[in-house]
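Student: In case you want the letters, here they are:
There are 2 protein chains.
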Amino acid sequence: MGKKVLIVGGVAGGASVAARVRRLDESAEIVMFERGPYVSFSNCCIPFHISGDIEKSESLVLMTPPEFDKQYNIDARVYNEVVAINKEEKTVSVKNVQTGETYEEAYDVLFLAPGANAVRPRSIAGIDSKHVFVMKTVPDVAALTAYTKANEVKDVAVVGGGYIGLEVAENLKMAGYNVSLIEAQDQIMAPLDYDMVQIINREIMKNGVDLILKDSVQAIGSDEVTLASGRTVKAQAVVMAIGVSPENALAKQAGLELGVAGSIKVNHHYQTSNPHIYAVGDAIETTCFFTGQKTQLTLAGPAQRQARAAADHVYGRTYLNTGVIGSSSVKMFGLNSANTGLNEKQCQARGIAYDFAYIIPKDKVSIMPGAENLFFKLIFAVPSGKILGAQAVGRGNVDKRIDVIATAIMLNANLEDLKELELTYSPHFSTAKDVVNHAVLVGLNILNGEFKKVPVTKVRELVESGAMIIDAREEHEHKKSHVKGAVNIPLSQFRGRLDEIPKDQPVYVHCRSSQRSYNMVRALGQLGFENIYNIDGSFLGISEYEYFNDVTLNRDPIVTEYNFN
Amino acid sequence: MGKKVLIVGGVAGGASVAARVRRLDESAEIVMFERGPYVSFSNCCIPFHISGDIEKSESLVLMTPPEFDKQYNIDARVYNEVVAINKEEKTVSVKNVQTGETYEEAYDVLFLAPGANAVRPRSIAGIDSKHVFVMKTVPDVAALTAYTKANEVKDVAVVGGGYIGLEVAENLKMAGYNVSLIEAQDQIMAPLDYDMVQIINREIMKNGVDLILKDSVQAIGSDEVTLASGRTVKAQAVVMAIGVSPENALAKQAGLELGVAGSIKVNHHYQTSNPHIYAVGDAIETTCFFTGQKTQLTLAGPAQRQARAAADHVYGRTYLNTGVIGSSSVKMFGLNSANTGLNEKQCQARGIAYDFAYIIPKDKVSIMPGAENLFFKLIFAVPSGKILGAQAVGRGNVDKRIDVIATAIMLNANLEDLKELELTYSPHFSTAKDVVNHAVLVGLNILNGEFKKVPVTKVRELVESGAMIIDAREEHEHKKSHVKGAVNIPLSQFRGRLDEIPKDQPVYVHCRSSQRSYNMVRALGQLGFENIYNIDGSFLGISEYEYFNDVTLNRDPIVTEYNFN
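As given, the protein sequences belong to chains A and B, one line each in that order. Residues in the first sequence are numbered consecutively from 1, following UniProt numbering. Residues in the second sequence are numbered consecutively from 1, following UniProt numbering.
If you are wondering where the hints come from, they were derived from the structure by calculation, not from laboratory data. No residue lacks a Cβ here, since even glycine has one placed at the ideal position from N, Cα and C. Any given hint might turn out to be false.
Keeping only pairs whose Cα atoms sit at most 20 Å apart, straight-line, the calculated SDA-like set for lysine to any residue is [unchecked claim]:
#1 Lys419/A <-> Cys288/B
#2 Lys4/B <-> Leu527/A
#3 Lys70/A <-> Asn488/B
#4 Lys419/A <-> Lys345/B
#5 Lys345/A <-> Gly262/A
#6 Lys419/B <-> Asn412/A
#7 Lys419/A <-> His269/B
#8 Lys386/B <-> Thr322/A
#9 Lys56/B <-> Gly126/B
#10 Lys362/B <-> Asn488/B
#11 Lys70/B <-> Asp499/A
#12 Lys419/A <-> Lys56/B
#13 Lys458/A <-> Lys484/A
#14 Lys56/A <-> Lys136/A
#15 Lys386/A <-> Leu320/B
#16 Lys419/B <-> His268/A
#17 Lys362/B <-> Ser513/B
#18 Lys3/B <-> Glu105/A
#19 Lys3/B <-> Asp75/B
#20 Lys70/A <-> Gln515/B
#21 Lys386/B <-> Asn445/B
#22 Lys419/B <-> Thr322/A
#23 Lys386/A <-> Asn412/B
#24 Lys362/A <-> Lys345/B
#25 Lys345/A <-> Ala190/A
#26 Lys345/B <-> Thr287/B
#27 Lys70/B <-> Ile501/A
#28 Lys452/A <-> Asp25/B
Here are a few chain B residues that face chain A, going by a calculated C-beta distance under 10 Å [to be verified]:
#29 Leu213
#30 Lys214
#31 Gln218
#32 Ala406
#33 Asn412
#34 Glu416
#35 Lys484
#36 Val487
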């Protein structure tokens, strides 16, 4: 008889451990405990049942206990909760939550994959009402959809602007509800920087979701929620998605060491402080790829790799634990967004010197049907040029470009290493100098001091301070809409109008997407103008950055008319 | 006054040189010569005008000579052909092809970006008929569409199954013509291996294009073409797309050294044998990233980088020339295909020891709408595990997965380096253990000898020789369709039916997509069965591999019924 392997938790991490152990050891006795009714369900797909994109909630379950038994000889016990670990005896105490019976089960190796719990702050009045939901399990989503149908719910408040909150809000809206999305911070989607998020804000607004920022829920009533600002928001159902906390009850009970924010501490083999007990998935502490600092990251991809690595270690296989970089993606109505690595905020918080290239090329050859703007930000270390992160937002294939950067990051590439990067090209899918190539070249130009730039976040300040701004677009473009106060000197005319450009003050140049302004900036630099700045993102970037706050705050726009094309 | 820079050729390579020189040197005098009517047109988009995807042929022109003049102070001279280089005098002789006048123009630096010519073999009778077209320039496509409309063409023969031939055939079919695609080799799309191409063959057939392999055109008549086999194919118009040859007339005339297959020889800075003359793009000899061997590669991405590098060298900037890996992609009706690096044939030809992982996962979470099979082949060196190439075919985002591999290749990654690769994940875009992660793990298992496998190409032989094949799918799946002679022992039953599995002969296991068969193979290996092989790609792979030849050759299928889902 082989090892006796017990696993606490039967979703991503747990099920992956079980399957991997079976492949490594046909003789192992494997028992997987799950306190809920299902093992092996796709928790990442849960929001998509709300809209009917995934029609039946049962479809979310990828594999049943009988299938685990027959196909893998794995004993998957649903409604069985491990309530205690007896480290000395190497046993666990298990409670059958349906019968109330408890029993002991011995182990040679124990894996903890308990996941994380949705946070329900006790400070919110009414948080325990029956119309308040979280969105972590199949029963959670089934309960929400059953409730909203049975109670003729029209308005739903989604609290929390992370991935789950966003996907829940989108799918509720697609299902026909009036949806408010409430986020306490000044931005949704923490993995992105504030500038990139504004583009998504506009999409959310365009699709009729009421996005409320910098406000938090204080009380939940039967027909409305009351916010800290005093504002009330109509809602007959509320979904809490403000974050998760690691499920550490068992680990605490067993006296295992805890790490960051209550997560379970593990070594590089995913062993807890007890070498016979491993832990993987959303409950554990992980390591930041960049800094080696301890962190937490609740993503399915890393959970799967942790599960495999932990099982491998039990069987004497080595595994290099690189740490996590944080790669994710989300679809929000017609807009896709993806990111990897560090963002600006994280670089600042960690004291990492960085700079970034921000470009808005087309995602395929511009004359092809369906070519769209792709907003792309590439962050690199200064002075090494090491790739630190990237963020992409657009209607097309943003995940492709971010996956390329994720690969470059994990292979420790710097900008120079990527200069010759040869990606696939066909006009249907990309451009000959594709988004990543383009961003790398701009990044190198910035790193090498070939030109100066100001970010899109500073343009309002420039306009308000009366700075000299040149609009390098053609006259008909300028006429249609422009930055207030900008002087229109088209790229096609500037060589004959140099006397209009001052040398004794900073001059900021933009065009539509920075291609023409960049050429003008380079030329002016050689013509003796030393104080010339390219405006990142140009008119497209400015419009996207300013729009949401202009409209929601009823703020005076810095452009005569927005132009998003 | 700055340098006087002359450029021969005004498309991808030439226009990129011109723009880069201008950015580096505002004082340079730049003249770009183009013998045709247009500069800066998107040659890669030309086929898409045929179907109307790109409505107007003029849309293919991205920038006109007046725009070059005004925006970049570049003198773009269309209908001006450089007919001779006078190296000693550092001048070129130019002929105005409209007026017949010739003149001399002096240079400090000369760039050659003449491109390549479509091959029109003299050996084919009728090759010069007015209804025989090539597809390299805007006038080429305009001539074809004008001719087919004016002459009520119904049937078109496309000769050559490379990218241009495929795209032309697809777009002609979409425009309503009867299309034959004639390829002399046993497969279309040389950058892919024969096995991957079968999937595309099926798509082409399904969409009603008559795909004719291993046959070549001998004579072109007014209503039909005659093939070497004697077969005739109805065609009132013919498009020749059998390949290109480097335009080297000027280089020859000037006595510049030539390289592989008549291409222009350049050093690592893209200087020809004359240091004042550079050459870039489809006409030049390039270097293989893997072997350092000289080769030719007519792709737009490398051309752009060559242009930048050559211009940079003129201005003293260094540039690392990594060589090319060969990354490309193509859409063929509803199927996308992409590839990078070396394929099996190329590894064999170069004597590189390799192995490969062939997997058929879903391209997003299987329960999400629009999830599709993705056929993925990852080729790596043995024993180093160094990534050599990959090929992907499917209805979804194949280019993303190939771009990740292209990045890994250029950063010299091996399989171990990619084990922890953290890509973006959302159920809309990918899976938690996405295609590349999956392929890397399978590759490592193969490299480490964890299991044995036979490729999909060998299954017919196994069936015909009466080998012991186990179908590990469930009974209802087997009943619906199966490999002839395969014994159905489902993964869910095999542990109780071990006595049915022989130990004294090789046993080959398949399921639907190899997930279940792989688990069975691992288990059997541990249960003392030493001669167990997993069948690559399993039933899905076998069906795709066999279908086209079965149908077109009226061959006896090795499955009772095809199953592509």
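Student: Tell me the numbers of any earlier hints that the structure contravenes, in ascending order.
Tutor: The structure conflicts with hints 4, 5, 9, 10, 12, 18, 24, 29, 30, 31, 35, 36, although it agrees with all the remaining ones.
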